[in-house]
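Enquirer: Okay, here's what each chain looks like letter by letter:
Protein chains: 2
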Amino acid sequence: MKFSFTALLIFFLSIASAQSVKSPSEEIVAYFGLNKEGKPYYSVTYKNQPVIKESYLGFVLKNQGTLNSGFTVTGTKSAVVNDSWRPVLGEVAVIDNKYNELSVSLRQESTGKLLNIIFRVFNEGVAFRYEFPKQDKLNYFILKEENTQFNLTGDHKAFWIPGDFDSQEYVYNETPLSKVDNEALDLDNGIAVKSIAGRYTVQSPLMMKSKKGLYINIFEAAVKNYPVMHLDLNPETFELTSVFAPNAIGDMAYLQTPAVTPWRTIMVSDDARDIVAQKMILNLNEPSKIEDTSWIKPMKYVGIWWEMHVGESTWDYSGTQDASQKKFTKKKTHGATTENTKRYIDFAAKHGFDGVLVEGWNTGWEDWFGNWKEEVFDFTTPYPDFDVKEVTDYAKKKGVKMIMHHETSGSVANYERRLDRAYNFMKQYGYGAVKTGYVGKIIPRGEFHDGQSMVNHFNYVPQRAAEYKVMVNSHESSRPTGIQRTWPNYIAAEAARGNEFNGWSNGNPPAHETILPFTRLLGGPMDYTPGIFEIKMSHYDPTKTEQVHTTLAKQLALYVTMYSPLQMAADLPENYEKYPDAFQFIKDVAADWDETEVLEAEPGDYLTIARKAKGTENWFLGAITDENARKSTISLDFLTPGKEYEAVIYQDGKGADWKKDPINYEIKIIKVTAKSKLNLKLAPGGGTAISFIPLN
Amino acid sequence: MKFSFTALLIFFLSIASAQSVKSPSEEIVAYFGLNKEGKPYYSVTYKNQPVIKESYLGFVLKNQGTLNSGFTVTGTKSAVVNDSWRPVLGEVAVIDNKYNELSVSLRQESTGKLLNIIFRVFNEGVAFRYEFPKQDKLNYFILKEENTQFNLTGDHKAFWIPGDFDSQEYVYNETPLSKVDNEALDLDNGIAVKSIAGRYTVQSPLMMKSKKGLYINIFEAAVKNYPVMHLDLNPETFELTSVFAPNAIGDMAYLQTPAVTPWRTIMVSDDARDIVAQKMILNLNEPSKIEDTSWIKPMKYVGIWWEMHVGESTWDYSGTQDASQKKFTKKKTHGATTENTKRYIDFAAKHGFDGVLVEGWNTGWEDWFGNWKEEVFDFTTPYPDFDVKEVTDYAKKKGVKMIMHHETSGSVANYERRLDRAYNFMKQYGYGAVKTGYVGKIIPRGEFHDGQSMVNHFNYVPQRAAEYKVMVNSHESSRPTGIQRTWPNYIAAEAARGNEFNGWSNGNPPAHETILPFTRLLGGPMDYTPGIFEIKMSHYDPTKTEQVHTTLAKQLALYVTMYSPLQMAADLPENYEKYPDAFQFIKDVAADWDETEVLEAEPGDYLTIARKAKGTENWFLGAITDENARKSTISLDFLTPGKEYEAVIYQDGKGADWKKDPINYEIKIIKVTAKSKLNLKLAPGGGTAISFIPLN
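As they're listed, the protein sequences go chains B and A. full-length UniProt numbering numbers the first residue of the first sequence as 1 and each following residue consecutively. full-length UniProt numbering numbers the first residue of the second sequence as 1 and each following residue consecutively.
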């Protein structure tokens, strides 16, 4: 009796106020309901299988009660949307935006407060956001908690990193959910500032695979005026609850009605390729706010950067600051000299790169890190050996664009108060792009990188930069959530563990680059800085054991598998000059695309992507694997039928191995058509890169 | 036996490491010593009477121990200084800087940390500061506490306001120290944001009078990169201990060696006039950092301001925001219209005022206060009925300078990130001065007006403004401590309870203006906004009972007794036009001076000052009293011997009384010389203003 009564009650309550909305494909269904206490919940199914079990929704306010129970549904609204738009820069020329929408209007009877929940169901997954409409009972309010649950159906395999309010630069762990444990992690990983939120807190995007082979991803889109969502896991029930960085005094977010939260997203498919290819995060963001986007261009660049990471030179003038964790015997000198910059400009001009980044050009680096110092950089004072005018004039003459560097050392207060001066300085000398950096504990003190204030800052900089027609590439920012649709000058971000960690820490294991497209890259392009040819740091110092955890061929493949309209050729010019045949791929590969085909994908294992370069008939293919060697046969049916192409294949040489023999590569040139099939052979930690240039 | 042993021990210890330094007059002596635990202490005598009994000195650091005991003296250094300098704007043409200095170098034996204490003894009092020299054992450090004690000798009468980290806009309390009690205060006083630090915490400057008739004042000078000092009183022992606003996470100050604290000051005299006339606070600040100061000018101004305070118009365009606490029946309209501004410009031009302030000219006022809102004003967008170009062109044609207004509503984050745009906007339209405002809880949230970050902001704005040749008048800032010597474009501040409170709150009692010169004004000029002729608010609405707590004549006298190079004629043009004879004094009075004579002074009771206008032979005199009528005879021996002057005397009329008959004044014109004596007759809450213009 007891069992059936409970079952009946749930059934009855669900019926009483249940709503549902399906994806256009009808494979995904989102359900919404209120339980008997008026607590809102939702659930998700995929092909009739549960993906998210009934999960509660709601908030705790500061001094204004809660918004998580006592609701009644006062109305619902449906919409069907099917349109498309053209990104300024992107993986494809046209993005389809197709979803079914359900808006549920709620009223909390005891207080009269109103809350709406909006569901959008795409073929890729479910998104929902909370909306606080303008209302008499709620104007200004402070959130203490958003308690959005994602009640998972089992002990899925998860690709997770710790929920850290200050950093996402972790190596991914691949374990069942039940084995998530931040306390068991080795934190000697090269990350400068860590603020792990809890023992079982993980970051989103959280990529998972169920035992039945469903690929499930929990993420968010359009994070604006709101902190970043992290996920608190109950490792026994597999229930995730949203958790957010507080501000300095423990508040989560300051809002005024009308207000919306970011979109909470649940992507699901039985084909891993669908996750990599998704466009729903972009679709959930607002269209470009920049009218004239003609100055926003893809960019391949080189720069004075890796030489500091490998300990060949320093950021600071006095020669003490490189990224090496070892003591070198050789004397180090400042990297950002006029002379050295000209060398990079010459190299960029000779090999057709668009830009040159120079880090360490400005005063402050002698004492820039680790002391929570407010006034480190002024962003306008070069070191005496860096002549800004001479350098920018020279670059202009050579047809190369200089990329500005603004490291803030986390002192956002200092950066914001100097922002206009910094950007005016850039315009004075013709810089059209800036790389920003946020290494260190945030100032205003007490704030986290992932808090509401910092999210606002990270969104504010591209907005302000747009007024100067400057493109922004942010490092150590909160991770993007599709905001580059709205501010397309925000061309790339770091916000994950980049290639640099291979230079001076335990590095990025071979699986790393096969996971990022299922996690970090869902939110936007990453400035991963691939293209390291001198794989082993012993090249610079025989006592060093650090190395890049890939083969050279895989470094090439990353230009295709890691989408970004901003791509660095990160290694030193002299290293590229030693391997001119392999370097040719980096010179040839595009950074902006009309078409993208995800050919093969399995998170943590492998990824193969082909892309068609913007405005051309040229295709480029990248295939990568994890620590395991891999063979596969791919059909070239993405090529235009009837055309013949010259395919230049850059692949791992015989016996190549990321650890034992990483620079071993071979280049084959063959002719192919859309009917051809190719056998790919990837070494452990290896990859293949191919360019397809039409012959007719 | 026991008593004499203790006495002997103290004597011995004092001798062991005691140092002393005298004022040039030899009347004031500061003593320094270490007790047997190596705790540093000091004491002060005046004419051989104890003023400060032995009082400990020291710090608590965050995670780096304490700096308050275990010291030995490693060296001492003496200096005798006697020089002078010329302020850009001031009460006198030349300021003498004369003091004896003692520097004591200390070493904490257990840690090796170094700390210096520097004493400077002027004829006006003792100053000392802590110096953290550059050293191996201390580089970056965080202060949790500075525990500087001021161990008073008895239950002095004190003029005190609560130690509030967000406001100094209190009415002064005049009680013995033993009766200080913030919990007994009526806090319905019109102050918007209050953060009282503790039950017995009071603000500095703390003015006191001992039972033996010594005037003692505890204050500080040169507050830079350091929070404002408040004073925690032990109401039983009369021991004061310094206390400071923490930042959002509870830290007091972030410093790096070499660093210094502000100067802690103890002024003492048996003549109250010496306190009012002191120059040691300025002398303890650094010389001007502005080379070309030719653009820094005294300024008398009118403006669209008081009309909002009395409820005749509003700051906001939609007509809802005035400062009235009553409901009016008449419809209110926006004050800052082009037309109204032109009226003020005409008035200023006609009567010889330098500037016109316009508040409420920019968008944001509809919802500017009380919601801890970050983005309220952008400082560059006028309301549609305020044509900036038309107004500034018109002012230029009329030879009048426009004064910009930047209310931040406490959102310093927003102001700093827009600062350059705001100042560029000003330069575009020719504004050379700005009034800033900080009404509201500070953003970054968790910071206080008196914390280190905000002190830095308040010092940063004049520094940045100087680059635009803009003068700054800050309201609701931390109170000045002589920083206008270093940044002479920081011409005035509010930072105390101004005249405006008389318009819409319980107001400022008649004694108020006799106390400010012993407290707030010691740190720098105040934009008190005197000159209210329509004393009673019932003038505007018969239901109102608020009023200015002075007679009209006292409003005139304030232009002399309240030193400021920036002086507002705060009342409405139409009110001045009703009393043109009295208005003449405001038109005549200077705002910058070559000489100043404090003729009579008693805090809380009365004050009479004569000043000689810069570069002229004109003298102006102001005499004010508290709620008591007052008669006195003053000698005019400050006038140049042999010259004859026409003295225009603006005095309270017969039967005048601040409450019963405040507008009752009379004007007498007589001829006087340096040999003349004048009988002053001040009504309850009254005053006398006199101009002396040489006839030969």
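Derived by calculation from the structure, the hints in this document are not laboratory data. Wrong hints could be hidden among the right ones.
[Said to hold, decoys possible] Okay, the calculated beta carbon distance ranges per label pair: (1) A:Tyr460 to B:Thr111: 39 to 45 Å; (2) A:Asn48 to B:Thr380: 55 to 61 Å; (3) A:Asp385 to B:Ser84: 55 to 61 Å; (4) B:Pro258 to A:Asp378: 52 to 58 Å; (5) B:Pro258 to A:Asp385: 45 to 51 Å; (6) B:Glu366 to A:Asn371: 56 to 62 Å.
Values in this document were obtained by computation on a predicted structure and should not be read as measured data. Backbone N, C-alpha and C define an ideal beta-carbon position, used for all residues, glycine too.
Enquirer: For every hint, state whether the structure bears it out.
Expert: For each hint, the structure was consulted:
1. A:Tyr460 to B:Thr111: 39 to 45 Å: Distance hint for tyrosine 460 of chain A, threonine 111 of chain B holds at roughly 44 Å.
2. A:Asn48 to B:Thr380: 55 to 61 Å: holds, 57 Å
3. A:Asp385 to B:Ser84: 55 to 61 Å: violated, 44 Å
4. B:Pro258 to A:Asp378: 52 to 58 Å: violated, 21 Å
5. B:Pro258 to A:Asp385: 45 to 51 Å: violated, 28 Å
6. B:Glu366 to A:Asn371: 56 to 62 Å: violated, 43 Å
Taken one by one, the earlier hints fail for this structure at numbers 3, 4, 5, 6, listed in ascending order.
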